Structures are given as structure tokens and as C-alpha cells.
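The task is simple: from the sequences and hints, build the whole structure.
There are 2 protein chains.
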Amino acid sequence: MAKRGPVLVVDIGGTKMAGGVCDPDGTLLTWESVPTPAGADAQVLWETLESLLAAVLHRAGGPDLAGVGSGCGGPMRWPDGLVSPLNIPGWRDFPLRPALAERFGRDGVPVRLHNDAICMTVGEHWRGAGRGTTSMLGMVVSTGVGGGLVADGRLVNGASGNAGHIGHVIVDAENGPLCTCGGRGCLEAIARGPGLAAWAQSQGWRAGEADVTGKELAEDAALGHPVAQAALGRAGRALGIAIASATSLCDLEVVAVGGGLSQAGELLFTPLRAALAEYARLEFTHKVRVAPAVLGQTAGLVGAGALVLRGERYWAGD
Amino acid sequence: MAKRGPVLVVDIGGTKMAGGVCDPDGTLLTWESVPTPAGADAQVLWETLESLLAAVLHRAGGPDLAGVGSGCGGPMRWPDGLVSPLNIPGWRDFPLRPALAERFGRDGVPVRLHNDAICMTVGEHWRGAGRGTTSMLGMVVSTGVGGGLVADGRLVNGASGNAGHIGHVIVDAENGPLCTCGGRGCLEAIARGPGLAAWAQSQGWRAGEADVTGKELAEDAALGHPVAQAALGRAGRALGIAIASATSLCDLEVVAVGGGLSQAGELLFTPLRAALAEYARLEFTHKVRVAPAVLGQTAGLVGAGALVLRGERYWAGD
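In order, the protein sequence lines correspond to chains A and B.
Taking numbering that gives the first Met the number 0, I'd label the letters of the first sequence as residues 0 to 317.
Taking numbering that gives the first Met the number 0, I'd label the letters of the second sequence as residues 0 to 317.
Heads up, none of these hints are tricks.
Reference listing, derived: stretches of chain B covered by chain A, where coverage requires no fewer than 3 residues with Cβ under 8 Å from a Cβ of chain A: (1) 128-141; (2) 250-260; (3) 277-291.
Worth flagging that the hints you see were computed from the coordinates, not collected in a lab.
Just so you know, these numbers come straight off a predicted model, no measurement behind them.
The beta carbon of each residue, even a glycine, is placed where N, CA and C say it ideally should be.
Put into C-alpha cells, the structure is as follows:
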């Protein structure tokens, strides 16, 4: 019988580390984030996280924890929880799950860890845009394009814990850009922020400027820049095609789209829905609902909590 | 507690109706098929099936059945089991599951029905190419391209029982052929037998001949006809791209490929594997194993049996 009580929740990405305390119903009692010292070594990274979590627990009054749930950028060895986040070079096969268990997991309570995009998906399914559905794809469209998959009411892990990689669904096999994975025409290669910015620069937007990002692209699009808008249209179309494929394969009810680029709103969602309507034509696929993620920055923390608090649906790792 | 004992199994397609008796371990004690009277009305279709099943039960010695499992061509209303098989126009919303229950389901034993491609997938997962794996895509490449999905050791049904439609994963969104679904560039539009034959005819193979099929195409390819071989290469490449997408999304361990066109062997599988190697480049995707289905014509019957005999994995419809 699982212990009732609050859960220490963690969400680690290349930009920010977040920690919080989640009550049994999925409400965050407190949470906080700090910049990830992405260039630091393994020990400094761990100490930064440990301090953050100690402060959060202190602020919550030192609760009697029912467990610890964590999301972290991939790749990772799952369910062992040895993490090698792409954007945190100081952690390579860092034993994050064992370290969290040793430091915060007293009394044998569960300590669980999954990919950050999967935690976002779980959060949105439990308490956000996918609440009450049985079949959902969660997407994080940002510097990369990640995701997670819920089918028949449960999180899909896949053979190695990597299910949900919608970013490597192929959208334009013959003429698409090369992808960092080594393939061609993957959704991520087209729709990731840096890919979009590079494409827009090749079309004359801020040509020659260094270090422009998807965020600036979205801002300029909102101000009416036609090339920036065309770039978002390109991303939206690619997203719509990939979502159509995923809906056919997984018979999805809802797709929750989050991540920085989703803040572009209708400049992204209008072309997305147009492409989806063009390509999802079966009776069961044209009904799929695409919705912006609603939990914002906290989705990953809430989902990390659900790994412990709703383990029967979202955890099959032990 | 489910009853132990043999199960009456059924597999209905546009070409053949098959019936059999499956023992609790998945061995077919007897089975038989008859041509589907595809142009007949609903009553004649049912009587043909009923006679076939009565004969099969008689031959098996009138066993005390533990249930009835059936596959049928889609679409259907699932789990209600009202079927409207594309290639059997006489059945539109025909209540096949209720009819089987009334005629053969005495003593309240379970009577279950699913899509025929899903039953093939379940058969291959339980007793065929996917045995022992937790994550598998089954494919039927024939007049259409159908499939089914197993994730984390369970059949995925999806929001409306339609998960597994790999045939409508998009392979060539911009330049692919129109699909019967109304979309463009779906795997099925490229790789279905009639689509391949049409393409080959447009390239000069048997130009002008009426009613050529994928079967003749495969035969001519085996005899060395270069256009017929190119058509299989085109199908194999499309299959490889779609499988790469599905593997990224679902973290598949094995893909079992059956159906008439898979009989073309290496003329299909070599280009398939080449495209898969080109597009499935992540550490977890490049490991996926593509295998010919091994149960042949009996996969659907064995899978129909599993809906009853291994319901905890393969049935969530009630």
C-alpha cells in the first residue's frame, strides 16, 4: 500500500532545474527553479540540485514524503535513471535516480525518474489538457521536439523507455533537412526553434545575425514579419503532418502541444490545424483534438509527481 | 475465473472466411476456409459463416467452448462488433459480435471481436514473430496496408479501437499519390498491391492490361522484370520510412510484416531494411528488428483465440 502524502518533485533541463512539493491531488504546494549550471561538473550540478530541493522542502515545512518523482532531459538509461542530458555535458551516465534515493528517499518510499518530455505529457494527462482522455500525445516544441504517449489510459514506455519520440517521426523524407539524429526530414529537424531560425535566415530574416533563436522568431512573427510568419507556418505544417501520422498509428483523442515555440499561438496552430485537416482524413483521425498545453512550466513537476502518486497508470519501471 | 478449454476462432476478410478451434495454448486443432461470397446479402453472408463454423465444431468433436474470438475486416464499431468491412458491401453495421454470441456463445462465455489486422498482430505477438517481446508493430501488406500495435506487453486499442493504422502514416506528404482516405502520401497509397501495380504500369510494366495485381507484380519481379522490381523497391522504401517513424514514436522492438506482398521476400525486405537504416538513426531505433510474419494464414485465427485466451493482454473491450 502506497503511503499517502506529498511528493518531492524535480524537473531538470538544460536551462533550468526546478523543484517542488506536490500534494496527493497534483497541486504544487511550493516550487522554485534555478538556472542549470550547464557547463559545471557532475558534483557542482548535483550540489546545485540538492540545495534547491533542500530549500523547497524547508519552505514546505519538512513534510513526511510519500516519494520522489523526477523528470530529466534525455537520453537516459531507464528505469535505472542514469542520465546523460544532451544539454548538460557534465552529467554522463550520472546516477540521478540512485542519488535522489540516497539523499531524499528515506523509509523506502518510491523514487522514480523519467524523461522530461514524458513527465510533461503525464502532467498534462493527469491534470491538464488531456484530463479524462485515454489516448494522448504530449509534445514539447522548443530547442528540440520531444514528447510522450498515453494509450488506453496508461503511459507507454516502449522497449527501452523511449516511446513518445514524435520529434523523429519523418515529415519530409526526400527533401527535408538533415537531422541531428543522422536521418533526414524528421519533424524535429524542421520544427525545432534553431532549425526554424536557420531556415528564416536563409530566406532573409535577420540575415547574418548570430545566435538568433526561435523566441526572437516568434516575437518578430507576432510583429508581422512575413518571413518569420512563414517559418512558423512551415513548423505548423510539419507538426500537423506528424500529428496526422501519430493519430493514425495510435488512435489519439487529444494532442497537447507545449514548449517555448507553442507560445506563438495561432501563428503556429492555424497552419498546424490546416495540415492536420488535410492529412488526417479517416473517420477516427479527423476527430483528434489539438490543444495548447495548459500547465505551462509546471507540467513536468506535476507529471513527476504522478509517477509516484498515480503509479498504476504512469509507472511500469520497477 | 475464465473457463479453460478450446475457443472457436473466426477470421473474416473480403476474399476468405476462416474458422477453427484453438486450444488453450494457441494451437489450432482444426481450421478451414471458404471463399467469402462478397457480393451476397447480409443473410447469405451470415449463413455461409454459420455453416463453416458448425462444420469446424463438428469436426473438432463438439467441444465445450471457453469462448469465441473473431477478427473481421474494418471498419467496425468496436467493441460493439457492428462490422462494415470495406470489401464486403453486404455487411453494413452488421451485428457480428452479437450474432456470434447468440449462436455460439452459450453459457455466458466471452465472445470477442476485433479488426483482422489487429488479430494478425496479436497472433504474431503471442505465438509468432513477436513472441517474448513487449513492443511490436504487426503489418499486413496486401490490397491495403493494415496493422496493429502492442506496447508494454499489451494490445493498444486507442480511443476508438483503431490503433495500429500504419497504412495511413504519411511517407511522402508533398509528392506522394492521393490516398483512398482523402489524404496524400500515406504508406498505403504507395505500398498497397493495386497502387504498386498502377505505378508499375505507368512505367511500362504490362501497360494497358486490365486487372493486374500485386501478386503478378511480385511474380514478375521474381522473374527479373526491372520495373516490377523497382515497384517492390518503392514499396520497401515506403515501408522502411513508415516503420522508422513508428519506431521513434512507439519504441518498437520488432515489426512483423505479413500479407500477400510480403511473400515477395528479399525483393521487398532488402529495400525496406536499407530505408530503415537510413532513417532510424537513434540509438534505440536502429535496433528495431523487422521480421516476416511466421504464422501465415493462421495468424488471424490464433490472434482471435488470444482475445479470449489471453484477454488480460489483448482485450480491453468490455
